[in-house]
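**Q** Letter by letter, the chains look like this.
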Amino acid sequence: MSSLTRPRSGALVSGSAKSDVNPLVSLREVRRDYALGAERVHALQGVSLDVERGDYVAIVGPSGCGKSTLLNLVGVIDQPTSGTVTIAGKRVDAMSDREATSFRLHNIGFVFQRFYLMPILSALENVELPMAEAKVPSDDRKARAAELLEYVGLSSRERHRPSELSGGEQQRVAIARALANHPDILLADEPTGELDARTGAEIISLFRRLNSDGTTIVVVTHDEDLANATRHKVHMRDGRIVDA
Amino acid sequence: MRAALAQASLIRHRARTLLAVLGVAVAAAMLLDMVMLATGMRESFRELLLSKGFDIRLAPKGTLPFDTDATIPGVSAITTVLRTNPDIREISPVLGGSIHIGVGANDVSAAVLGIDPTVQGDYEFLSGRDVTTADALVANEYLLKKLGARFGDTLNVAAGYDPQTRTYSGQRRLVLTGKVRFIYGATDQPGSVVRRETLEALGGGERRDRASLFMVRLRKGANPDSVRNWIETKIPNVSAISVATALAKVDQRLSYFRQLAFILGAVSLFVGFLLVTTLVTVSVNERSGEIAVMRAIGVSRAHVVQQIVLEGVAISVVGAVIGLGLGLLTGRYLNAILSAFPGLPMAIDFFLFQPRAAWSALGLLIVSGIAAGIYPAWRAASLPIADSLRREAIA
Chain A
1 MSSLTRPRSG
11 ALVSGSAKSD
21 VNPLVSLREV
31 RRDYALGAER
41 VHALQGVSLD
51 VERGDYVAIV
61 GPSGCGKSTL
71 LNLVGVIDQP
81 TSGTVTIAGK
91 RVDAMSDREA
101 TSFRLHNIGF
111 VFQRFYLMPI
121 LSALENVELP
131 MAEAKVPSDD
141 RKARAAELLE
151 YVGLSSRERH
161 RPSELSGGEQ
171 QRVAIARALA
181 NHPDILLADE
191 PTGELDARTG
201 AEIISLFRRL
211 NSDGTTIVVV
221 THDEDLANAT
231 RHKVHMRDGR
241 IVDA
Chain B
245 MRAALAQASL
255 IRHRARTLLA
265 VLGVAVAAAM
275 LLDMVMLATG
285 MRESFRELLL
295 SKGFDIRLAP
305 KGTLPFDTDA
315 TIPGVSAITT
325 VLRTNPDIRE
335 ISPVLGGSIH
345 IGVGANDVSA
355 AVLGIDPTVQ
365 GDYEFLSGRD
375 VTTADALVAN
385 EYLLKKLGAR
395 FGDTLNVAAG
405 YDPQTRTYSG
415 QRRLVLTGKV
425 RFIYGATDQP
435 GSVVRRETLE
445 ALGGGERRDR
455 ASLFMVRLRK
465 GANPDSVRNW
475 IETKIPNVSA
485 ISVATALAKV
495 DQRLSYFRQL
505 AFILGAVSLF
515 VGFLLVTTLV
525 TVSVNERSGE
535 IAVMRAIGVS
545 RAHVVQQIVL
555 EGVAISVVGA
565 VIGLGLGLLT
575 GRYLNAILSA
585 FPGLPMAIDF
595 FLFQPRAAWS
605 ALGLLIVSGI
615 AAGIYPAWRA
625 ASLPIADSLR
635 REAIA
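These protein sequence lines map, in sequence, to chains A and B.
Under this note's numbering, the residues of the first sequence are numbered 1 to 244, in order.
Under this note's numbering, the residues of the second sequence are numbered 245 to 639, in order.
Hints listed in this document are in silico derivations from the structure and should not be mistaken for laboratory results.
The structure displayed is predicted, hence computed values, not measured ones.
Ideal Cβ positions, reconstructed from N, Cα and C, are used throughout, including at glycine.
Among the hints, erroneous ones may be present.
Taking beta-carbon pairs under 8 Å as the criterion, some of the chain A residues facing chain B (in silico) [unchecked claim]:
1) 72
2) 75
3) 77
4) 97
5) 110
6) 116
7) 118
8) 120
9) 133
Subject to a maximum C-alpha distance of 20 Å in a straight line, what follows is the list of computed SDA-like cross-link-like pairs (lysine to any residue) [to be verified]:
10) 135/A - 545/B
11) 305/B - 340/B
12) 135/A - 247/B
13) 389/B - 399/B
14) 142/A - 247/B
15) 464/B - 333/B
16) 390/B - 371/B
17) 142/A - 132/A
18) 493/B - 589/B
19) 389/B - 349/B
20) 135/A - 550/B
21) 135/A - 547/B
22) 478/B - 321/B
23) 135/A - 248/B
24) 135/A - 544/B
25) 142/A - 160/A
26) 135/A - 546/B
27) 142/A - 248/B
28) 390/B - 407/B
29) 390/B - 372/B
30) 390/B - 402/B
31) 305/B - 490/B
32) 142/A - 159/A
33) 305/B - 452/B
34) 493/B - 294/B
35) 493/B - 306/B
36) 233/A - 48/A
37) 135/A - 549/B
38) 142/A - 182/A
39) 142/A - 156/A
Work out the full structure: start from the sequences and follow the hints.
**A** Printed below as a string of structure tokens:
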């Protein structure tokens with residue numbers, strides 16, 4: 001695997017091949033309120049943020065400061081109460097469920113703290129899942145899933161089920177799954193949260209490699225090592241960005 | 245891949261899936277039995293009526309065959325009239341009654357049919373010799389046991405018996421010649437057959453030229469309803485009953501029975517439906533995080549719905565297939581119990597297996613499986629992704 005960054009049509013991981021003047025992600029005056037019983041919680045209070053293509057951003061801050069809410073909005077699994085969210089030139093803040101689902105499938109890659117792999121599927125099948133949803137022909141998706149598993153260093157574990165993999169290996173499968181449909185951006189919510197220090201370091205290293213190969217990454221983390229490995233840190237407190 | 249995920253979800257909780265399948269199987273067995281019960285007696289009765297190929301029965305006006313002791317006078321004249329219709333192939337007048345047979349100091353009473361053995365449709369001849377002569381009598385197994393007699397034995401047979409004076413009337417000596425099995429009669433009741441003229445003679449003048457019933461066999465292609473109408477026009481003192489009209493009367497009499505079966509069947513179906521809904525809903529609730537992740541990575545609502553419905557259908561189909569086998573076994577067992585009720589013809593089945601009934605039950609269960617999956621599937625598809633992930637993270 002000599003080159004990981006290829007034109008979008010054949011790229012293993014995407015990002016640097018697309019050169020836009022506009023930022024990849026742009027949030028403007030985004031607010032997100034929740035009803036919590038009779039109370040109204042202001043999770044985000046007028047957040048504006050740009051993420052350039054190829055960037056590697058860590059969102060840090062104390063628990064409850066709105067990091068995950070911000071990530072959910074960028075991931076198009078939530079909608080802002082007000083403000084605009086633009087990703088790859090598309091307004092995503094008011095998309096219908098169908099549009100948002102399709103957008104996520106083709107443009108967003110998610111990595112979660114708890115991996116959330118399908119327990120009955122093998123590592124290869126887990127990576128194939130988003131491609132099957134995107135109706136990629138079986139042979140093509142198997143080939144790409146195998147390539148991605150090789151990229152994350154799990155080519156020998158293709159046939160293993162999640163229960164037969166360590167936490168670090170499961171997270172690497174989850175990363176490969178997130179990259180399956182050539183997403184514009186990889187979003188990770190506490191990706192090292194369930195891993196020990198050594199395995200966490202492997203994931204940090206993998207993220208760095210991914211970013212240097214062109215993938216735009218936004219992580220929400222409490223892990224200082226991970227945050228320090230990114231290009232930019234965005235500090236949040238009480239639903240606001242306090243330092244970017 | 246959706247099928248694989250549905251299968252995965254069911255396999256993950258093997259014990260729970262197995263219990264649900266068994267629950268559906270029991271409901272399916274009950275449903276099949278109820279469908280068999282609702283249609284079985286009617287179908288069995290239809291087969292019984294057609295077993296000897298007689299299409300129409302004539303009974304005294306306003307009665308059903310052998311419903312009363314009433315008889316039809318003028319057998320010869322009626323037969324002559326019936327023979328004028330080219331659609332009528334054979335006529336079998338039957339005279340019913342009871343006889344008394346002296347066995348030592350005891351009296352054995354039995355039902356008796358007077359027939360013409362060449363056109364009869366009331367019994368199956370088993371062994372010995374049929375009633376080919378005027379002094380011959382054949383009996384069913386039950387009567388033979390009661391009499392303790394053998395073929396060739398001469399019996400003292402009487403049309404009447406006064407227990408106070410212990411005197412017989414209309415006595416005659418008949419020879420026991422054979423063993424028969426009655427098609428419509430109960431196996432636990434003593435029954436016998438003689439020639440119709442013999443029974444007429446036993447009854448003295450009262451029974452002369454009379455019949456309790458005429459059985460009429462039609463030519464192939466004849467319309468039983470038009471012949472029935474023709475008979476009732478030509479012979480006003482009889483009720484002509486075709487198989488269709490007999491079945492309509494059976495339907496009328498069995499309507500409460502069928503309603504009961506229908507209600508119990510519907511209850512079983514509903515129980516199966518609730519079972520599957522509950523199981524799949526619990527499964528969806530447990531997997532809310534997993535489903536939210538699937539939605540987050542771009543799996544559409546429609547595909548989540550399909551997967552969840554597939555789980556419900558899979559449980560229902562597997563449960564239904566097991567249940568159909570179970571239903572057949574229990575149906576056979578229950579049929580044996582009910583058929584042993586006193587006074588019933590041996591050939592009557594309560595639980596009659598018909599492929600159509602099985603397909604109906606299977607179809608209903610699959611439809612109920614799909615319906616059962618709809619609510620949990622709707623819940624799964626409506627899960628707010630971000631909220632579910634947040635709750636899952638907190639949990």
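**Q** Now look at each hint and say whether the structure bears it out.
**A** Against the structure, the hints:
The interface hint given for residue 72/A is met, as the beta carbon of that residue sits about 4 Å from the closest beta carbon of chain B, less than 8 Å. With a least beta-carbon distance of about 7 Å to chain B, the hint placing residue 75/A at the interface is held under the 8 Å criterion. A hinted interface residue such as residue 77/A counts as satisfied when its beta carbon comes closer than 8 Å to some beta carbon of chain B; here the least separation is about 4 Å, so the hint holds. For residue 97/A, the suggested interface contact is upheld, since its CB lies about 7 Å from the closest CB of chain B, less than 8 Å.
The restraint placing residue 110/A at the interface with chain B holds, with a minimum CB-CB distance near 5 Å, inside the 8 Å limit. Look at residue 116/A: its Cβ gets to within about 4 Å of chain B, closer than 8 Å, so that hint holds up. With a least beta-carbon distance of about 6 Å to chain B, the hint placing residue 118/A at the interface is held under the 8 Å criterion. Proximity of residue 120/A to chain B holds as hinted, the smallest CB-CB distance being about 3 Å (cut-off 8 Å).
A cut of 8 Å between beta carbons decides the hint on residue 133/A: the least distance to chain B is about 5 Å, and the hint holds. Restraint check for residue 135/A and residue 545/B: satisfied, since their Cα atoms lie roughly 16 Å apart, inside the 20 Å limit. Between residue 305/B and residue 340/B the CA atoms are separated by roughly 16 Å; this keeps the pair inside 20 Å, and the hint holds. Note on residue 135/A and residue 247/B: the hinted pairing holds, with a Cα-Cα distance of about 16 Å set against a maximum of 20 Å.
Annotation: proposed proximity of residue 389/B to residue 399/B holds, straight-line Cα distance about 14 Å (limit 20 Å). A distance of roughly 18 Å separates the Cα atoms of residue 142/A and residue 247/B; the hinted pair therefore holds under the 20 Å criterion. Pair hint residue 464/B plus residue 333/B holds up; C-alpha atoms about 9 Å apart against a cutoff of 20 Å. A threshold of 20 Å between alpha carbons decides the hint, and for residue 390/B with residue 371/B the separation of about 18 Å falls inside it, so the pair holds.
A distance of roughly 10 Å separates the Cα atoms of residue 142/A and residue 132/A; the hinted pair therefore holds under the 20 Å criterion. Only pairs whose Cα atoms come within 20 Å are accepted, and residue 493/B paired with residue 589/B is accepted, the gap being roughly 18 Å. Annotation: proposed proximity of residue 389/B to residue 349/B holds, straight-line Cα distance about 17 Å (limit 20 Å). Restraint check: the Cα-Cα separation between residue 135/A and residue 550/B comes to about 16 Å, which is no more than 20 Å; the hinted pair holds.
Proximity of residue 135/A to residue 547/B is assessed by CA-CA distance (about 12 Å); at most 20 Å being required, the pair is judged to hold. Only pairs whose Cα atoms come within 20 Å are accepted, and residue 478/B paired with residue 321/B is accepted, the gap being roughly 11 Å. Taken as a hint, the residue 135/A and residue 248/B pair is honoured in the structure, with Cα atoms around 16 Å apart against an allowance of 20 Å. Restraint check for residue 135/A and residue 544/B: satisfied, since their Cα atoms lie roughly 12 Å apart, inside the 20 Å limit.
A hinted pair counts as satisfied when its Cα atoms are at most 20 Å apart, and residue 142/A with residue 160/A qualifies at roughly 15 Å. Using a Cα cut-off of 20 Å, the hinted pair residue 135/A and residue 546/B holds, with the two alpha carbons roughly 14 Å apart. For the hint pairing residue 142/A with residue 248/B, the CA-to-CA distance comes to about 16 Å; that is within 20 Å, so the pair holds. About 19 Å separates the Cα atoms of residue 390/B and residue 407/B, which keeps this hinted pair within 20 Å; it holds.
Simply put, residue 390/B and residue 372/B have alpha-carbon atoms about 18 Å apart, close enough for the 20 Å limit, and the pair holds. A threshold of 20 Å between alpha carbons decides the hint, and for residue 390/B with residue 402/B the separation of about 17 Å falls inside it, so the pair holds. With a C-alpha separation of about 14 Å, the suggested pairing of residue 305/B with residue 490/B holds against the 20 Å cut-off. With a CA separation close to 12 Å, the supplied pair residue 142/A and residue 159/A stays within the 20 Å bound.
A threshold of 20 Å between alpha carbons decides the hint, and for residue 305/B with residue 452/B the separation of about 19 Å falls inside it, so the pair holds. In summary, the hint linking residue 493/B to residue 294/B is supported, as the alpha carbons are separated by about 16 Å, within the 20 Å threshold. For the hint linking residue 493/B to residue 306/B, the alpha-carbon distance of about 12 Å falls within 20 Å, and the restraint holds. For the proposed pair residue 233/A and residue 48/A, the alpha carbon gap of about 14 Å is at most 20 Å, so the pair holds.
In summary, the hint linking residue 135/A to residue 549/B is supported, as the alpha carbons are separated by about 18 Å, within the 20 Å threshold. Pair hint residue 142/A plus residue 182/A holds up; C-alpha atoms about 15 Å apart against a cutoff of 20 Å. Between residue 142/A and residue 156/A the CA atoms are separated by roughly 15 Å; this keeps the pair inside 20 Å, and the hint holds.
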